[in-house]
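Participant: Okay, here's what each chain looks like letter by letter:
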Amino acid sequence: MTTEISTRPMHVDTVTQALADPEKSQPWAELGLKQDEYLEIKNILGRRPTSSELAMYSVMWSEHCSYKSSKIYLRQFGEKVTPEMKKHLMVGMGENAGVVDIGEGLAVTFKVESHNHPSYIEPFQGAATGVGGIVRDILTMGARPIAIMDQLRFGAPEHPDTARVVHGVVEGISFYGNCLGLPNIGGETVFDSVYQGNPLVNALSIGSMKHEDIKLAKASNPGDLVILFGARTGADGIGGVSVLASETFDASGPTKRPAVQVGDPFAEKVLIECCLELFHAGVVAGIQDLGGAGISCATSELASNGGKGMRVQLQNVLLRDESLTPEEILMSESQERMCAIVPVGKLKAFVEIVSKWEVEYSVLGDVIDEDRLYINWGDQEIVNVPPRTVAHDGPVYERPVTYPSYQDALNADSSKSLKRAETPAELAEQLLKLISSPNQADKSWITAQYDHYVMGNTALAMPDDSGMVRVSETTGLGVALATDANGKYCYLNPYEGARQALAEAYRNVAVTGAVPRAVTNCLNFGSPENPEVMWQFKEATAGLADACLELGIPVTGGNVSFYNQSGDRAIYPTPVVGVLGVIDNVARRIPSGWQDDGNNIYLLGTSYDELDGSAWAKDLYDHLGGQPPKVDLKKEKQLGDLLHGAAMQGIIESAHDVSDGGLGIAVIESALRFNVGARVWFTEVMERDNIDATAVLFSESQARVIVTVGREDDVKFQALCEARGVPCLRIGVTDKSSDSIEIKDLATFSLNEVREAWRKTLPELFG
Amino acid sequence: MKIGVITYPGTLDDRDAQRAIRLAGGTPVPLWHADSDLKKVDAVVLPGGFSYGDYLRCGAIAAQAPATQEVVKLAAQGLPVLGICNGFQVLVEAHLLPGGLIRNEKQHFICRDQKLRVENNQTAWTNLFDKDQEITIPLKNGEGGYIASKETLKMLEAENRVVFRYLDLNPNGSMSDIAGLTNERGNVLGLMPHPEHAVEPGFGPDTDIAMRSGTDGLKFFESVLKALVNA
Amino acid sequence: MPKIIVEIMPKQDLLDPQGKAVANALSRSGNKNISNVRIGKRIELHFDTEVTDADLENAKALAASFLSNDVIEDVVNVFIEA
Numbered sequence: 001m002t003t004e005i006s007t008r009p010m011h012v013d014t015v016t017q018a019l020a021d022p023e024k025s026q027p028w029a030e031l032g033l034k035q036d037e038y039l040e041i042k043n044i045l046g047r048r049p050t051s052s053e054l055a056m057y058s059v060m061w062s063e064h065c066s067y068k069s070s071k072i073y074l075r076q077f078g079e080k081v082t083p084e085m086k087k088h089l090m091v092g093m094g095e096n097a098g099v100v101d102i103g104e105g106l107a108v109t110f111k112v113e114s115h116n117h118p119s120y121i122e123p124f125q126g127a128a129t130g131v132g133g134i135v136r137d138i139l140t141m142g143a144r145p146i147a148i149m150d151q152l153r154f155g156a157p158e159h160p161d162t163a164r165v166v167h168g169v170v171e172g173i174s175f176y177g178n179c180l181g182l183p184n185i186g187g188e189t190v191f192d193s194v195y196q197g198n199p200l201v202n203a204l205s206i207g208s209m210k211h212e213d214i215k216l217a218k219a220s221n222p223g224d225l226v227i228l229f230g231a232r233t234g235a236d237g238i239g240g241v242s243v244l245a246s247e248t249f250d251a252s253g254p255t256k257r258p259a260v261q262v263g264d265p266f267a268e269k270v271l272i273e274c275c276l277e278l279f280h281a282g283v284v285a286g287i288q289d290l291g292g293a294g295i296s297c298a299t300s301e302l303a304s305n306g307g308k309g310m311r312v313q314l315q316n317v318l319l320r321d322e323s324l325t326p327e328e329i330l331m332s333e334s335q336e337r338m339c340a341i342v343p344v345g346k347l348k349a350f351v352e353i354v355s356k357w358e359v360e361y362s363v364l365g366d367v368i369d370e371d372r373l374y375i376n377w378g379d380q381e382i383v384n385v386p387p388r389t390v391a392h393d394g395p396v397y398e399r400p401v402t403y404p405s406y407q408d409a410l411n412a413d414s415s416k417s418l419k420r421a422e423t424p425a426e427l428a429e430q431l432l433k434l435i436s437s438p439n440q441a442d443k444s445w446i447t448a449q450y451d452h453y454v455m456g457n458t459a460l461a462m463p464d465d466s467g468m469v470r471v472s473e474t475t476g477l478g479v480a481l482a483t484d485a486n487g488k489y490c491y492l493n494p495y496e497g498a499r500q501a502l503a504e505a506y507r508n509v510a511v512t513g514a515v516p517r518a519v520t521n522c523l524n525f526g527s528p529e530n531p532e533v534m535w536q537f538k539e540a541t542a543g544l545a546d547a548c549l550e551l552g553i554p555v556t557g558g559n560v561s562f563y564n565q566s567g568d569r570a571i572y573p574t575p576v577v578g579v580l581g582v583i584d585n586v587a588r589r590i591p592s593g594w595q596d597d598g599n600n601i602y603l604l605g606t607s608y609d610e611l612d613g614s615a616w617a618k619d620l621y622d623h624l625g626g627q628p629p630k631v632d633l634k635k636e637k638q639l640g641d642l643l644h645g646a647a648m649q650g651i652i653e654s655a656h657d658v659s660d661g662g663l664g665i666a667v668i669e670s671a672l673r674f675n676v677g678a679r680v681w682f683t684e685v686m687e688r689d690n691i692d693a694t695a696v697l698f699s700e701s702q703a704r705v706i707v708t709v710g711r712e713d714d715v716k717f718q719a720l721c722e723a724r725g726v727p728c729l730r731i732g733v734t735d736k737s738s739d740s741i742e743i744k745d746l747a748t749f750s751l752n753e754v755r756e757a758w759r760k761t762l763p764e765l766f767g
Numbered sequence: 001m002k003i004g005v006i007t008y009p010g011t012l013d014d015r016d017a018q019r020a021i022r023l024a025g026g027t028p029v030p031l032w033h034a035d036s037d038l039k040k041v042d043a044v045v046l047p048g049g050f051s052y053g054d055y056l057r058c059g060a061i062a063a064q065a066p067a068t069q070e071v072v073k074l075a076a077q078g079l080p081v082l083g084i085c086n087g088f089q090v091l092v093e094a095h096l097l098p099g100g101l102i103r104n105e106k107q108h109f110i111c112r113d114q115k116l117r118v119e120n121n122q123t124a125w126t127n128l129f130d131k132d133q134e135i136t137i138p139l140k141n142g143e144g145g146y147i148a149s150k151e152t153l154k155m156l157e158a159e160n161r162v163v164f165r166y167l168d169l170n171p172n173g174s175m176s177d178i179a180g181l182t183n184e185r186g187n188v189l190g191l192m193p194h195p196e197h198a199v200e201p202g203f204g205p206d207t208d209i210a211m212r213s214g215t216d217g218l219k220f221f222e223s224v225l226k227a228l229v230n231a
Numbered sequence: 001m002p003k004i005i006v007e008i009m010p011k012q013d014l015l016d017p018q019g020k021a022v023a024n025a026l027s028r029s030g031n032k033n034i035s036n037v038r039i040g041k042r043i044e045l046h047f048d049t050e051v052t053d054a055d056l057e058n059a060k061a062l063a064a065s066f067l068s069n070d071v072i073e074d075v076v077n078v079f080i081e082a
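Residue numbers (our numbering), protein chains in the order written: chain A, 1 to 767; chain B, 1 to 231; chain C, 1 to 82.
These aren't lab readings, by the way, just hints derived from the structure by calculation.
The beta-carbon is built from N, C-alpha and C at its ideal position, and this holds for glycine as well.
Wrong hints could be hidden among the right ones.
As the list claims (entries may be wrong) - Straight-line alpha carbon distances no greater than 30 Å define the calculated DSS-like cross-link-like pairs of lysine-lysine that follow:
| # | chain 1 | residue 1 | chain 2 | residue 2 |
| --- | --- | --- | --- | --- |
| 1 | A | 760 | B | 115 |
| 2 | A | 416 | A | 433 |
| 3 | B | 73 | A | 348 |
| 4 | B | 40 | B | 154 |
| 5 | A | 433 | B | 106 |
| 6 | C | 60 | B | 73 |
| 7 | A | 86 | A | 68 |
| 8 | B | 106 | C | 41 |
| 9 | B | 150 | C | 41 |
| 10 | C | 20 | B | 106 |
| 11 | C | 20 | B | 40 |
| 12 | B | 226 | A | 356 |
| 13 | A | 356 | B | 73 |
| 14 | C | 32 | B | 154 |
| 15 | C | 60 | B | 106 |
| 16 | C | 60 | B | 115 |
| 17 | C | 3 | B | 150 |
| 18 | C | 20 | A | 760 |
| 19 | B | 115 | A | 443 |
| 20 | A | 356 | B | 40 |
| 21 | C | 60 | B | 150 |
As the list claims (entries may be wrong) - Which stretches of chain B does chain A cover? Using the computed rule of at least three CB atoms under 8 Å from a CB of chain A, they are:
| # | stretch |
| --- | --- |
| 22 | 50–62 |
| 23 | 89–101 |
| 24 | 104–114 |
| 25 | 125–135 |
| 26 | 210–218 |
Please model the complete structure; the sequences and the hints are all you need to start from.
Facilitator: This is the structure:
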């Protein structure tokens, strides 16, 4: 299928031209390349690059695509791994997404990614295309996408610009995710002024498939066809490349090109169904989705992964806009496009299926038995490069690392200096203030805009501690997912903070009864050119890698987002960690709040006076300093194993992890879950663990969970705790007839009043 | 008993409708929008979703599909037809039901467990409910506001054609709190909420007894099987 | 090449939630003398050849039957644009 080249006269920079004028000045700096990188490109090619080649290298060697500042640290995730950890790993890091065996011949693929900067510029489209992008990554592994989650961090709640971003982002995720027919099963929402000019929008997707359905992004068979299909290619996202328009300037002049991508979820839904049909028909030998760097990335990666080459006729690309130059076509980030490698003999079947779904396609070229990527514009050669140098052998930096000048003073500034409440009335007031503060308040204003029913397999969703979906309708086999990060802890101590993120996500999976099995991460940091930020990154990646090794669960893939800073002010280091767990039968899952009457409430774990970095310190006193709560992964594992064992025996009625806000908040959340009251007492905790009233309510000590157990299982449960060495203390009893939460020696809160205070915060801010 | 479920480009809840039919004891038959052959099914479900991306108007393009046109023909002869959410929009655009469906009053998509009152239990899809029974069915939409002329509304009430009414809260500004209505004959039913999401314990709305245990939606599909057996 | 333009507005007496939302936004940003906003659609039908009277009649019929839903919308104009 050859398309007529646009009749508009277009000066195209060719390889022949590059050989003819080697000293031509090129805008490598405007495209984001460093001088030594530009010289390296010349070195690789043995001549100056054509403007198309320059565009390709500039984008593929950018931080976002090449991970050049983070590679040396990310290696740890692949190195600090035991054979035992890799047991269930079917596809590891380096592919579009990791794949984990979950049993019964089934596998799950999952990954979390960022779309931060676009979501500040154009919140709706930024967030929407963030969802679109991660779902395509999952689809391209050969899986049917089955769920999504999102992790959102916004600026100060009352700041006028925050509402603009909140509305756009939530509507964008709602618009795109709902239209794709994917249940949104959970996530996080955090407000902090540190994210004001740099909101974080991370999106996660999970897909399921049979083992034999796994697809990889490689072109390994010479003669196979390279086919671009899906939406037409337009000018989305090529703002930066427009500087090259001056290179191909003609009489009518360059037009203003948009920097954002615009998404069409209907096109992606159709693409999902079409791709799955193509996969099942066995007509596709390799497949890659088009995300950042569009066609440049797809062609170079498919070729490089397969160890072969490609010959591409760029004029065959179906365009929305005939005025696009070859450089713009190569760089376009138009959404909802895939690139398939199709054996010649399967072409007819391929065409039948895409035609049935009314999906457009064009044959761009074929796979060749040479380590070279040739791209032609008509009969003019505009790209002739070794694919590996574009896709995988990009620059690797060892950025300078400096221990922050503020760190010691920050760590010395403990929350112990804060004046604690002295009377029960003051404590009660603080608790009420905290539960109604934006970070602890009800997030339904957001989550009610997401479909969580579609596909009929959602076993757990917000506000429970993890999302859980059934994968096998015959056996009930399912997976649970939780994502967590505490930017404040990481700012105080990036190594410990990263460990804590893993610990919390691990715990959130464990409280549902699932067994944690694999990890994904989205590392959101400031500028890598800031040595103090690089120190944070170095510490955090080490903390996470060490923690994964200790817990025995591997990182399967993830994403890095740098440059989240405005001027000098970087965000807190925010490594979002996602943990995937497996449960034999979702029918055994445990809810996060109690529903039954007269059940005993137990606190598992030990409480310490650890208020540094807590919600109490930050949201009530605007204080951030000291050291984050200690993380003991051995205790977390013991706790997780206990919860799993108890879940399998069916003796736990509810389980909720204690984290942000502390024990008081956790108890209220559990009561509000199904609107069932309780009588609780904390005096025994205070005595046993030697802490005061403020600490018992607001400390954020780790490895703690509150559970409720039916009367008939009390003895069995306590024995189980003792056998496994998990501290267990009875702190209350549920009371269905009561319309209040009574905290002995503190206050009695009317359920309705607490609910109202908790519920109305977000609608009042953003309604 | 065979119950067809039509898939349009952009349809989302087709497999959930098929599951509901199976759980009720029927045999679901997948139907393709471009095919006017309805494979001799005994009833048809137009499921929820965003057919054709809601382009032009919700359900407008799907209403023109060969499969839809065939459904219109057979509905006139008494074929039981259930339109859920987007399916309801298709029925309205295809003029099988009167009125129109517009953007939610509050402008946001909303997903919630919705209380409904069953006001007409004489239709093919509601004969197993009690009159005035209160049920809970998941609702999820952005364009669910039912509107109709004063005359149409008067007629609907007078002829007892309002089948479901929203209770506790009107989530989308629908006139007269209408959540679902039927045609003159009682074989065609359209509603905004999604019964197919309340058919399996563990995956439906929360109830007082247990999380996600609500299955009020199952009776829709059991009713039509009963109606077909008795026909 | 010529086009036929079809302009569609929501029916006068019906609630126009989009229009209402825009009106509120305009009012909030200081445009107090804009009393109401209603939002409709403009559809362009493109032709490769000259447009005939028959084309215009056909367009009017399509406008009434498919391009608009007469329960909730009015076709306010159908005309040829060069």
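Participant: For which of the previously enumerated hints does the structure constitute a violation, in increasing order of number?
Facilitator: Per hint list: 3, 4, 11, 12, 14, 15, 16, 17, 23, 25 violated.
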